[in-house]
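Given these sequences and hints, build the entire structure.
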Amino acid sequence: MSNGKEISLPVKEFYSRSKKDLKLKSCFGVLGFEKIIRGHCISKNRNTVLVLGKSFVMKLKELEKGQRRQAVRGRIKKDTCCIILPDGMKFFPELEEAVREKEIALFHSSLSSRRCRQILQETFLPFKSREKIVSGGLLKIYEQGVMITGDSGIGKSESALELLSRGHYFISDDVVKVSIDSRGGLIGRAPEVIQNSMEIRGLGIINIKEIFGPNKICPKANIDLVILLKKWRRGQEYDRLGLKFPEDHSILGRKISRIIIPVAPGRNIATLIEVACKVHILRKKGFHAPQELIRKVDRSLSKI
Amino acid sequence: MIKKEVLIKNKLGLHARAAVKFVNLANRFASSVKIIKDGEEIDGKSILGILTLAAVQGSVITLKILGKDEKEAFKALSALINDKFEEKE
Chain A
1 MSNGKEISLP VKEFYSRSKK DLKLKSCFGV LGFEKIIRGH CISKNRNTVL
51 VLGKSFVMKL KELEKGQRRQ AVRGRIKKDT CCIILPDGMK FFPELEEAVR
101 EKEIALFHSS LSSRRCRQIL QETFLPFKSR EKIVSGGLLK IYEQGVMITG
151 DSGIGKSESA LELLSRGHYF ISDDVVKVSI DSRGGLIGRA PEVIQNSMEI
201 RGLGIINIKE IFGPNKICPK ANIDLVILLK KWRRGQEYDR LGLKFPEDHS
251 ILGRKISRII IPVAPGRNIA TLIEVACKVH ILRKKGFHAP QELIRKVDRS
301 LSKI
Chain B
1 MIKKEVLIKN KLGLHARAAV KFVNLANRFA SSVKIIKDGE EIDGKSILGI
51 LTLAAVQGSV ITLKILGKDE KEAFKALSAL INDKFEEKE
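Here the protein sequences come in this chain order: A and B.
Count the first sequence with the working numbering and you get residues 1 to 304, in order.
Count the second sequence with the working numbering and you get residues 1 to 89, in order.
Read the hints as simulated data drawn from the structure, not as lab findings.
Every residue gets a Cβ at the ideal spot worked out from N, C-alpha and C, and that includes glycine.
Just so you know, not all the hints are guaranteed correct.
Here are some, though not all, of the chain B residues that point toward chain A, as calculated from beta-carbon distances under 7 Å [unchecked claim]: (1) S46; (2) I47; (3) L51.
Shown next, in the form of structure tokens:
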């Protein structure tokens, strides 16, 4: 993002801030720690924090000594502030020589180069773009953060209320502030102004903390599943086997499973959401009921 | 789809009672009503949504209305905002 805040971060601070996430270890003590990383965002300019790929290092090994030296020096740009050697790779004499001469910090990381770049991107993206307001309610059901979305008036808050009275936990109603954590997961919180509030037609604004007690409120939750409530339309086909869901839903560029539940009289939405969660948990564990059934049917058909 | 900017003129901004008026009016139309402020988009038919915007006097919001009756909806909603939510100041 070009409108992001420009950062200026000493390498020393970069190291202390991200050594846990990136599993960093400095190779040569505090060498190069006084350099300052500047720029709009690290991910845009890959040279500032240089992550050496495995393929690059492999290629180096095939070269002769003089060529290797040149290749390493060519890779280190003018604006390079520190270098990360991922995949637990060992440094080699030419690299040591180059960083000692240019006084650039060199870090070991046990993570893959891809994961390193990913974490760098997440951690150092401009703050604004890492947060988004999303319409929908957020509850914690069986330790799963479940976001309930759908058009207004479809009964999101009413089903959330029913789920709360069954003992599940409340995070936010109608509006969720979504951000990305250091591991790349989506986290949902209630915007400060409307914390603990819920709006129910006919009752007005109610305070969940006062009604259900403070232990039923969670300040935040990882979002694991999105439920979309949709009006049941005659003639429209719905997934009967459950082979199509969950489809992917995207928030802040992260993919997340989504289940569409058609709403119609006589369908208890709260129960359906509870069961959808359990189905989702089972699928994450590898149990897939429709495939199991299809296998059984196929087996019985092949006997004939 | 109609997407137009509107200025909040009343002294108290989009406060709770003004939000209720807006939501009640928006719910009379079949079209979807979204409000965009500072790049955040919220559902214009949700009171809690509007309250999170914290739109004070002088802030500019964008109404994004989509549906069969979008023209009527925009006319009515922008009139309500321009009329300072029927408040004196």
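Which numbered hints turn out to be false for this structure? none
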